[in-house]
Amino acid sequence: MSHVDRTPGRARVGILLIVAIGLLWTLVPLLWMALSSFKSAGDVTAAEPKLFFEPTLRNYQRLFSGANNLGPYIWHSMLAAGISSVLALIVGTIAGYGLSTTRMRGKKHVAFWIISTRMAPIAVVVLPLFLLFRGAGLIDSIPGLVLAYLTFNLPFAIWLMSAFFTEVPAALQESALVEGCTRWQAFWHVVLPLTKSGLVTTFVLCLVFSWNDYAFALVFGGPNSQTLPIAADQLVTQTGIDWGQLTAIGTIVVLPMMLAGLAVRRWLVTGLTLGAVTGE
Amino acid sequence: MTTTLETPPRTDPPRPTRRRPRLGFSAGMMAPGIVLLAILSIVPLLTIIAMSFSRVRLLGGVGFDGAGLTYWVRLFTDIDLAMQWVRTIVFFALTVGLEMLLGLIFALCLWKLMRGRNAILSLFLLPMFVAPVIVGLLGRFLTDSTFGLYSWLLGLIGYQGDILGGQYSAFAAVVAMDIWEWTPLITLIALAGLTSVPASVREAAAIDGANPWQTLRHVILPSISGVLLVALLIRSMDAIRYFDIIAVTTNGGPADATKVVPIRLYETAFRFFDLGYAAAIGLVMLAVTIAIARAFVGVLERKGLTR
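Protein chains in written order, with numbering that gives the first Met the number 0: chain Z, 0 to 279; chain B, 0 to 306.
No false leads were slipped in.
Derived, one-sided and incomplete: chain Z residues facing chain B with beta-carbon distance under 8 Å: (1) Leu-22; (2) Ala-46; (3) Pro-127.
Residues from chain Z that keep clear of chain B, each with C-beta distances beyond 10 Å, as calculated: (4) Phe-37; (5) Thr-55; (6) Tyr-59; (7) Arg-61; (8) Trp-74; (9) Leu-78; (10) Gly-81; (11) Leu-137; (12) Pro-142; (13) Leu-198; (14) Val-199; (15) Gly-221; (16) Gln-237.
Calculated cross-link-like contacts (lysine to aspartate or glutamate; reagent style EDC-like; alpha-carbon spacing at most 16 Å): (17) B:Lys-111 x B:Glu-202; (18) B:Lys-258 x B:Asp-77; (19) Z:Lys-195 x Z:Glu-166; (20) Z:Lys-49 x B:Asp-143; (21) Z:Lys-107 x B:Glu-300; (22) Z:Lys-106 x B:Glu-300; (23) B:Lys-258 x B:Asp-79.
I should point out that these hints are in silico values taken from the structure, not numbers from a laboratory.
The beta-carbon is built from N, C-alpha and C at its ideal position, and this holds for glycine as well.
Working from the sequences, and respecting the hints, build out all of it.
Now the structure itself:
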């Protein structure tokens with residue numbers, strides 16, 4: 000409060016200017032994408048960019064009718080991202096609680112192994128999984144994609160939930176145990192309700208990571224399992240790109256994740272730094 | 000699970016013997032997750048190691064023929080790959096460096112801005128949630144030489160030319176797209192660090208007669224250095240992880256100008272199906288990430304966060 004008043008006028012103008020430029024740089028591409036998705040074919044590729052035009056829903060209508068119906072792609076995306084996030088959340092929460100309470104000696108090494116699994120380059124994970132999935136007949140299947148997404152969502156969920164659990168005061172659990180709760184009851188009735196925000200944040204971030212995946216879906220996907228990012232990529236053909244449809248798909252892919260992400264904004268710092276920095 | 004068998008009926012009052020199953024309970028909770036993760040990570044790891052020493056057959060069922068050290072020898076004599084590593088390091092240094100700088104500047108500005116800070120931050124965070132493929136395709140749309148909004152704007156100030164067609168401009172364009180998507184992450188983390196700098200520290204600096212620049216340099220930056228280091232390491236690991244933007248914009252071109260190591264790996268594996276060599280390239284990438292992850296965990300341990 001007070002230090003803003005002490006910022007001299009000129010500096011304040013400078014700050015506002017930087018913020019304005021930052022916002023323009025950030026928002027113009029997104030707004031342009033949304034705007035273009037309502038343009039007719041001629042307006043989208045007009046040599047002089049058009050800010051004012053006659054809006055049309057044709058791009059969206061065409062996405063949901065005819066040969067390249069987007070419906071199955073959306074369904075595949077929802078299944079693969081949703082199932083893998085739910086599984087990661089359930090298994091990761093339970094394991095994360097174990098990790099945060101255990102006193103076993105190799106704990107540091109286990110923790111390091113978990114984080115390095117999460118951080119492994121995607122290209123490096125895709126390569127052996129491609130062979131294993133081919134052997135197991137998991138190429139072009141939703142279970143294959145779910146497993147592939149678990150390779151990064153599960154270690155993420157374990158590590159992050161463990162970080163959220165360490166924030167819960169140990170005294171609360173101790174007193175629950177003194178009251179006669181079993182350790183499971185203490186976890187279920189006392190600790191878990193206190194980490195609701197952690198659970199939601201973990202789920203949302205898992206969902207965003209897997210919904211936005213391209214590299215795994217590109218190699219493992221097929222007619223029965225293609226996801227939305229692949230649908231967008233497939234509009235890019237040798238003969239040209241239908242930018243009206245592409246910007247419409249882009250808007251469809253991006254909007255739900257933005258809303259989900261902003262819904263957990265308060266805990267984003269904790270989530271995205273894997274518990275290393277806590278905000279607010 | 001076995002602990003439940005030992006537990007006496009519920010009606011019993013809590014017994015002091017509870018201490019014993021302590022390790023058992025935590026380990027039992029960890030077990031399913033750890034076993035699943037082991038299957039998901041150790042099996043692929045062993046597979047990729049085996050792949051790097053074999054000629055992999057795909058037709059008529061997956062099969063391995065021993066290839067000895069062929070791929071590893073090739074790895075250390077491959078001039079193209081060395082160039083791609085150099086390019087990867089340049090790409091990495093430019094994107095992560097600029098993201099740190101711009102992210103910090105923006106965080107400082109937002110921090111000084113009391114009113115509307117949360118709303119502006121929310122808007123500024125939006126690119127992080129955009130799928131990298133869409134970032135790439137949107138980048139292509141904006142830089143298209145005939146109708147792209149940004150090419151048009153650049154045309155107004157006299158730049159004519161196909162942005163993704165030129166070697167330097169294509170490289171600059173993919174760097175810019177990466178910066179667009181990930182600068183907000185640095186801002187978010189740095190701002191969290193800034194808001195936790197106690198007001199008393201700043202007041203003390205002001206009373207001691209420090210000007211704003213000195214306060215920033217000697218008081219504020221040192222007190223958020225730990226947070227900035229976390230941001231740097233998180234971003235570094237992700238920078239090596241993702242390659243979607245380049246894959247859908249230039250796919251390594253023009254004339255290899257944007258061919259970074261992950262793109263090379265993909266091409267080697269899934270265009271030329273030289274899986275053994277791709278595995279060797281991948282293992283080196285993995286070693287690099289593990290080194291960064293080591294540093295990350297080191298920072299956490301110094302802060303006492305992993306206990």
